[in-house]
Amino acid sequence: MSGILLDMKNVCLSFFTPAGEVRALNNISFKLLDGEVLGIVGESGSGKSVTAYSIMGLTAFPGKMTSGRISFNGHQIEELTEAEFRKIRGIEVSMIFQDPMTSLNPVYTIGNQITEVIKLHTDKNAKEANARALELLELVGINEPQKRLRQYPHELSGGMRQRIMIAIALACEPKLLIADEPTTALDVTIQAQILELIMGLRKKIGMSIIMITHDLGIVASICEKIAVMYAGKIVEYGPIDDIFYNPSHEYTKGLLRSIPKLTEDSHKKLIPIEGTPVDLLELPQGCSFAPRCASCMKICLREKPVYTFINDTHYTACWLRQKEAFETETAHAVK
Amino acid sequence: MQLNNKTSNAAVTKKESTENRDNNAGNTNIMVEVRNLKQYFPVGGGIFNRKLVKAVDDISFHIERGETLGLVGESGCGKTTTGRSLLRLYEPTEGKIIYNGRDITHVKMFPYRRKMQIVFQDPYASLNPRMTVGDIVGEPIDIHRLASGKKERNDKIINLLEVVGLNSEHANRFPHEFSGGQRQRIGIARALAVDPDFVVCDEPISALDVSIQAQIINMFERLQEERSLTYLFIAHDLAVVHHISDRIGVMYLGKLVELAPSHELNFHPVHPYTKSLISAIPCADPEVCRRQKRIILEGDVPSPINPPSGCRFRTRCPLAVKRCAAEEPPFREVSSGHFAACHLI
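For the record, the sequence lines run as chains X and S. Sequential numbering of the first sequence, starting at 17, is according to my numbering. Sequential numbering of the second sequence, starting at 11, is according to my numbering.
One chain only, chain S, in its complex shape (with noise of 0.2 Å):
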């Protein structure tokens, strides 16, 4: 009864604290913006007819302090892509990315990366199987001097370990012998050893079994509250996202095709795309699923070297007028806080 009583008043204070920051909005309270980034890659031909894969196409959104923005899309839409651009993994075609107030666009990272960090998708190959776990997670440690001493260097690593749920005995060992989800934690104590206060989760737990994903989600929400993080938690599972995140925005073929707060997006979504995307989740529920009406999409996504002219969700959108193909929907404000890139809303 007292633990119900806990996670609903935590629950009501994360409403409250969103709420509180949507009214400051537009002033300190802003941890990363994106205006208008463009990342482009080579594909393909020689120096003359090279083709450009448009991984990600103009999109621009900002995460404020102490909040998860959530990305969904399906494979290829670029969430990954922008998760990565936004640290400078790539460097991004055009745009700027604002950290803090300062443009980063074109700084070198080496201190940002103290603030910035991020937890790859596949536990399997993002941890180096020639070092132990204390290395790994004290590798961090050691390029940014955060240890005086050998002995401090080892309390923290034990700590970080602790923090995400293994123990000092651990370190010593090498990825081979631990579990998916316990790598998953390796992982995340790394991306932790510098203090970061702005971590990119890009689908960090979708090589998860079920009952393992759950544990890692707790872990990363227990963590945020701890640490005051802010994340850009990326995922595919539209059901994990909205159940992390307190804003979600939906990509499609390197565009931002809407943006809301997930209650939102959930139960009011304007866009044709994330309104079939919702549909087509099945529902762990027998009596919903009996319920629920499916809007199929025909087709598969296009291919991002040659994206559809106008609106690039057209050729498979159900609704799709003559004006979608010739005008490229703009991405505005439908309801406050709520954005869409559609002609028919």
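For reference, chain X alone in the conformation it holds in the complex (with noise of 0.2 Å):
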């Protein structure tokens, strides 16, 4: 059952723009089991939507993956051209993205957008795609069908758009349902809903789903495994309770420190990460995290760190957790 549906293996991708070489993905590697729900967490620019993207291969010019190795439900996408990526988009990966608003074509109806995909990849005739559509829509919880397959987007709120949406990338069941912040734009009680609709449609279908957010709420009710990334690579990765109870990452330690709770019961002061977002433009020579980490080393500043496991699958990117190994290196070195 537990088949390895994704692995993606030092993956390197950067955006060739005028202004330099923005190194978007730095060694990213991470295998996604069948069945299982990853959430990728991270600040805007850490390269979560770009990893999401280059399963799908929509990192298109300027960006070039520069090295590594993704493999997907027996295809090796880096090896793809653009026609059989057309085949595999909404078959076997599909997307959510995160607005609602702009991500629906506001001059074809719903049940257009919905038929089309299941036209371009069944051989349904058009009365067979438009039950399947009107099936979808019961599937998400939009009432009265028939009347949203012949509304424009427009006419319709968000959190039914977001619906649509699902409805659109769930059209042909594919394996592996990528989320892009699907919630960001939405309002919670809605949020919920929306939530509270993808597990229960995960259950119904068993797909994998990666769930792209910054909001580590969400990771916490719905994930089993969590990747932590900052500027473009994975800094802390496994699962959930591993992450939340026993942080190892200083990045990982600062965020879930800096987080107001609605549980606490009294005041506590929040303790921010000090200063801002690396620039990609002119990533440091060490650890990426370096500048803002409270507890920096010297090796920090010199060596990017490599990986420490903490036990199977809880993994991290942090030279603090080699402390050992360093220190009697430095020893030598004073000797």
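Since the hints were derived computationally from the structure, they do not count as laboratory data. Please read these numbers as outputs of a predicted model, since none were measured by experiment. Each hint should be verified, as a subset may be incorrect.
[To be verified] Pairs of lysine-lysine, BS3-like flavour, derived with a Cα cap of 25 Å:
#1 X:285 with X:314
#2 X:277 with S:285
#3 S:48 with S:61
#4 S:106 with S:64
#5 X:47 with X:320
#6 X:191 with X:25
#7 S:64 with X:284
#8 X:277 with X:314
#9 X:277 with S:303
#10 X:314 with X:284
#11 X:219 with X:269
#12 X:163 with X:103
#13 X:103 with X:25
#14 X:220 with S:64
#15 X:219 with S:303
Can you join these two chains into the complex? Each is in its own frame, and there are hints to help.
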């Protein structure tokens, strides 16, 4: 059952802009199992969306994968041509975008946009596709589906549009659903509806999900594993309980300390992470987080940290986890 | 350790002062008061069949000196409109706004602008891209003639930038050279330039990254202590509002549905909307998430052009009864300092 659906190995991806090379992904490696829900968290510009886009081959010019391998469901992603990509997008992997207001085409009806996917990827005729579209709208909990099929996106609310996006994404029951901040543009009560919908559908269809978000609350409530990203690198990866109760990267710790919790009953001061996110045009020589890290050591400025395994599934890129090795190293140097 | 002591002390004093203020309520301790505020906007149609959006419909509350009142609700519930009407950035349709005991609903606002300021939501859109940061922060100083000469103006600007964690060399730069968090700091410096005593913070952190949000929240708290400011803090993130506010008001479709001290509201909400709002927030703690029972609301927020009769929440309320459609629930005190508008309490 739990085969490996997606395997990213040492993926580096850069955008070649007039200002210089923006290193959006630096050595990303992780595996996603069948039916697993992975959360990717990080601030804007940390490369969480680009990671997901690279799986779908959506990082076109000026983006270029400079090294690494991505295997997904028997495909070698980096070798696919655009025509081959078209055959897997929508069927094997599909995506829900952040902004439901702009990601639906305003000049086509809802019905048009859902049946397009079905007609493109299956041999259903127009009538069958229409029936499937109706079924999908019911599945995502939209009332009066018959009427909605003839409506245009502007006639629907944000929550409804996001449901339509989900219906389109699930039209062909993909193996992997990538949800790129699917609820950021929505209100909390609508967010709760959408999250519940996604998780309910996952049980029905049995797909894997990559949930991209900056909200640690969402991750805590629906994900099984978390990848924390900073400056285009996965700085910590592991099961949610390990990440939340035993965080081992200073950035993860900082993030957890800096969010106010509703459950706290006395007024505690928040401990923010000082400084601002690093400029991807000029990544520091050592650890990218070092300039903001309170426990930065000399080696952090000099060398990029390697992964330390805390247990089988929990690993982190922080020199502090290898303090002993590093201390003996300095001791040698002093001698 | 010392730091810990300090913060817990600060927390205690904050609490104590809230209690003190509660005792003297009803006299000069009230900074801003809103009575039966209504704010309608015309939409669509011609002259004859003009429709009205009732953005804010008959709300009353007061804010005490040195207090932070949080205002939460979903988009379109009228929280931003309330903040802006309060500063008379909109002309209120009906109702009274009282600042420091004086009715300011129909007076010239110029002298009051020195005392009441606002920090806007979007740090990308609220700074003029053609002005240097120094001029942006200096503009209120010029308008209100708070500096006697160039040197004093300059000193004031640099001082303000330092107060918000920027430095003097930033004064000659333009807004596009700054990150979101830094821009928000500039917006705050501009609001503080006239040395106000009341600041409306309209979703000041929702456009910022998580790691930056905490920096700005802490700065708001520090400034409040240093300059004894009073805040109306508007946000949709209940966790943030709970953290920073002394009391919280919850709005739904232009109405205030519940108002209570923030601790009370969070742990003993009485209105069904507040309850579902709190339960809908995913808590950043997997254990709590597993235990948490969510109340998932059906449907969307109805249109404010044609709001439901009676209680406006009834269309989504899991507990709604017949009476809710017929009668509008009054906003009444359910326990000391805890107000709510619901028939079922």
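We went through each hint and held it up to the structure:
no., hint, result
1, X:285 with X:314, "violated (30 Å)"
2, X:277 with S:285, "holds (16 Å)"
3, S:48 with S:61, "holds (15 Å)"
4, S:106 with S:64, "holds (17 Å)"
5, X:47 with X:320, "holds (22 Å)"
6, X:191 with X:25, "holds (20 Å)"
7, S:64 with X:284, "violated (38 Å)"
8, X:277 with X:314, "violated (34 Å)"
9, X:277 with S:303, "holds (17 Å)"
10, X:314 with X:284, "violated (32 Å)"
11, X:219 with X:269, "violated (32 Å)"
12, X:163 with X:103, "violated (31 Å)"
13, X:103 with X:25, "holds (23 Å)"
14, X:220 with S:64, "violated (42 Å)"
15, X:219 with S:303, "holds (19 Å)"
Violated hints, listed in ascending order, are 1, 7, 8, 10, 11, 12 and 14; each of the other numbered hints is respected by the structure.
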